[in-house]
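Q: Work out the full structure, taking the sequences as your base and the hints as a guide.
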Amino acid sequence: MPRYQALLFATIGVVLLIGISFFISLGRPWLTVLCALAAILWIGTGFMVKARARRKQEN
11 MPRYQALLFA
21 TIGVVLLIGI
31 SFFISLGRPW
41 LTVLCALAAI
51 LWIGTGFMVK
61 ARARRKQEN
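In terms of this note's numbering, the numbers along the sequence shown are unbroken and rise by one, the last being 69.
None of these hints come from the bench; they were simulated from the model. One or more hints might be untrue.
Distance ranges between label pairs, derived from CB positions [stated by the list, open to error]:
hint: 1; residue 1: Ala63; residue 2: Ile28; range: 22 to 28 Å
hint: 2; residue 1: Asn69; residue 2: Ser35; range: 43 to 49 Å
hint: 3; residue 1: Val43; residue 2: Asn69; range: 37 to 43 Å
hint: 4; residue 1: Leu17; residue 2: Gln67; range: 16 to 22 Å
hint: 5; residue 1: Leu18; residue 2: Lys66; range: 33 to 39 Å
Positions of the beta carbon are idealized from the N, C-alpha and C atoms, including for glycine.
A: Laid out in structure tokens, this is it:
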């Protein structure tokens, strides 16, 4: 995976995690849950992309 792509996934993942803490402090449970689900999906997508890039590089 190129460095810029890894940086993009990491940066957006951190922003989503910060969003979780922000919505917790505001007392907005639905937005907290929504942001948590988005963070889990985004971080999982990053791992999938990284695994595919490794498999492609091995072949």
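Q: Is 16 to 22 Å a correct range for the gap between the Cβ atoms of leucine 17 and glutamine 67?
A: Given a distance of about 18 Å, which is inside 16 to 22 Å, the answer is holds.
Q: Holds or violated: the 43 to 49 Å window for the beta-carbon distance between asparagine 69 and serine 35?
A: holds, 47 Å
Q: If you check the beta carbons of leucine 18 and lysine 66, does the distance land in 33 to 39 Å?
A: Between leucine 18 and lysine 66, where Cβ atoms are some 18 Å apart, the hint is violated.
Q: Look at the Cβ atoms of alanine 63 and isoleucine 28 and judge whether their distance stays inside 22 to 28 Å.
A: Since alanine 63 and isoleucine 28 have Cβ atoms about 26 Å apart, the given range 22 to 28 Å holds.
Q: Take the C-beta atom of valine 43 and the C-beta atom of asparagine 69, compute their distance, and say whether it sits inside 37 to 43 Å.
A: Once the Cβ atoms are compared, 40 Å apart, the range 37 to 43 Å for asparagine 69 and valine 43 holds.
Of the numbered hints given earlier, the model fails hint 5 alone.
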